[in-house]
Structures are given as C-alpha cells and as structure tokens.
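**Q** Listed below, chain by chain, are the residues.
2 protein chains.
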Amino acid sequence: MLDYAPDLDRVFQALADPGRRLMVERLSRGPASVSELGRPLDMSLAAVLQHVQVLEASGLVRSQKAGRTRTCSINPVTLRSAENWIAGRRTMVERRLDRLGEYLAQTAGQPEPAWAAEPGETASQHEEQQ
Amino acid sequence: MLDYAPDLDRVFQALADPGRRLMVERLSRGPASVSELGRPLDMSLAAVLQHVQVLEASGLVRSQKAGRTRTCSINPVTLRSAENWIAGRRTMVERRLDRLGEYLAQTAGQPEPAWAAEPGETASQHEEQQ
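Line by line, the protein sequences are chains A and B.
Going left to right, the first sequence walks through residues 4 to 133 as the numbering used here numbers them.
Going left to right, the second sequence walks through residues 4 to 133 as the numbering used here numbers them.
Just so you know, the hints here were simulated from the structure itself, not pulled from any lab data.
Quick caveat: nothing in here was measured; it's all calculated off a predicted structure.
A few of these clues could be false.
As the list claims (entries may be wrong) - With the C-beta cut set under 10 Å, the calculated list includes, among others, these residues of chain B facing chain A:
#, residue
1, D12
2, A19
3, A49
4, A50
5, L52
6, Q53
7, E59
8, G62
9, R65
10, S66
11, K68
12, E86
13, R99
14, Q109
Ideal Cβ positions, reconstructed from N, Cα and C, are used throughout, including at glycine.
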C-alpha cells in the first residue's frame with residue numbers, strides 16, 4: 004500500500020448519500036460517463052455533477068475529460084481505506100466479546116469471586132467504569 | 004446474521020466526524036460512560052451527548068442509563084453492515100481489474116484486434132461509453 008491516507012471524514016460523508024452510493028455501485032462494475040451515472044437518478048445533470056464532485060473530493064472517484072465527455076472511474080485504494088478503518092474496530096470488538104465469552108464459559112458454575120464479597124476493594128475500579 | 008438492515012445513510016454520516024470515530028474507537032475497547040467518551044475531546048458534555056445521540060440513531064452505539072450514569076457500548080452488527088457494503092463494492096472493482104489484467108497479459112504481443120482497424124463497427128459501442 005502506498006503512503007496514501009484518504010480523508011475519512013470526506014470518504015464517509017460521500018458514502019452517506021444513497022445517490023452517491025448508487026454511483027459507487029455503478030462504477031464498481033466499470034467506468035461510466037457523468038450522464039450515465041445520473042441515468043437511474045431522478046435529478047438534474049447539475050445535481051449529478053455535484054455528487055460526482057463530492058465523490059472526487061473524497062478520493063473515491065477519479066474522472067477524466069475527453070472532448071465533451073467526462074468519464075469517471077473508482078479508486079479501490081480509497082474504498083479499502085474506509086473498509087480497513089471499520090474492519091479494525093469491528094475486529095477489536097469481536098475479539099473482546101470472544102474473550103468475554105470464554106471467560107464466562109470458564110467461570111460458569113464457579114463460586115463467586117473474592118472481590119464480589121469485598122466491595123471496598125473494587126470501589127476505585129467501579130469509579131473507573133462511570 | 005439477523006434480519007437487520009441498518010440505515011447506511013446514518014451509519015456513514017455518523018462515521019464522517021473525527022470526534023465520533025474517536026468514540027467508536029474507544030468503545031471498540033469496551034463500554035464507557037458518556038463523560039469518559041468526552042474526556043479526550045475538547046467539547047462540552049452537551050456536545051458529547053449530541054454526538055452520542057447521532058451514534059445511537061445510526062445503530063452503531065447502544066446506551067443504558069443506571070442511576071446518573073449513561074453507559075455506552077458498540078453494536079458490532081452495524082459496524083459489519085457498513086464494512087460489508089464497502090467490501091462488496093471493493094471486491095467487485097478488484098475482480099474486474101484482475102480480469103482486465105489477465106486479458107491484457109493474454110493479448111500482449113498479439114496483433115491488433117480487427118475492430119481497431121474498423122472504426123465504423125465500434126462507433127455505437129463508443130457512444131455507449133459517452
């Protein structure tokens with residue numbers, strides 16, 4: 004991976020619109036012109052162009068003009084960065100829940116731990132959780 | 004996976020803010036109170052609460068009030084839905100680029116295809132790309 008850090012604010016903002024997600028969906032199947040991207044959307048060409056500009060500013064989409072046609076294509080590196088950010092957090096959550104599950108399975112049926120009977124000792128720990 | 008379709012507009016919108024991503028990051032390590040979530044952020048408790056509400060509305064975060072403390076935790080199912088959406092598109096792009104690469108490798112050094120010499124035949128195909 005190149006030293007390339009997309010602006011996640013802009014990437015997630017770009018993906019927060021259903022019309023723009025439809026454009027990303029279309030572009031994942033291959034390059035398309037701006038008018039082709041707008042075809043399934045009930046909006047003016049100006050509005051379509053604005054969405055394309057948001058996608059370009061986020062780094063999700065690149066475009067090239069040849070004559071009067073602007074052809075857009077997707078940048079998989081940016082898609083992957085956004086995916087990696089989410090996957091990193093999700094993996095952390097799932098590992099933690101797995102460990103918790105294992106702990107609960109191991110301790111099931113065991114007598115209450117010592118600290119349960121000594122509230123004085125856990126007061127500061129409890130404070131941390133507040 | 005349960006029959007659960009999070010609102011991707013709201014999920015990506017929630018992730019489009021660096022403060023909220025920091026909260027998700029923190030919660031992926033374990034549950035936390037609202038004031039704990041706000042600690043690394045230079046903002047009022049009211050502002051922190053507003054961000055927490057955006058995260059809750061998106062389904063990324065759940066919270067529970069016990070006494071005066073609201074404890075937040077992350078919902079990995081929502082994280083996974085957002086991740087899956089991006090991964091689906093990214094995989095499609097990469098497969099397409101792989102196929103294109105294979106095609107180019109196979110045809111490298113071969114004579115020009117017939118259509119390259121017959122522009123008339125490809126005019127309509129070219130039109131499609133506009």
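**Q** Which earlier hints turn out false for this structure, listed by number in ascending order?
**A** Violated hints: 3, 4, 5, 6, 7, 8, 9, 10, 11 and 14; rest satisfied.
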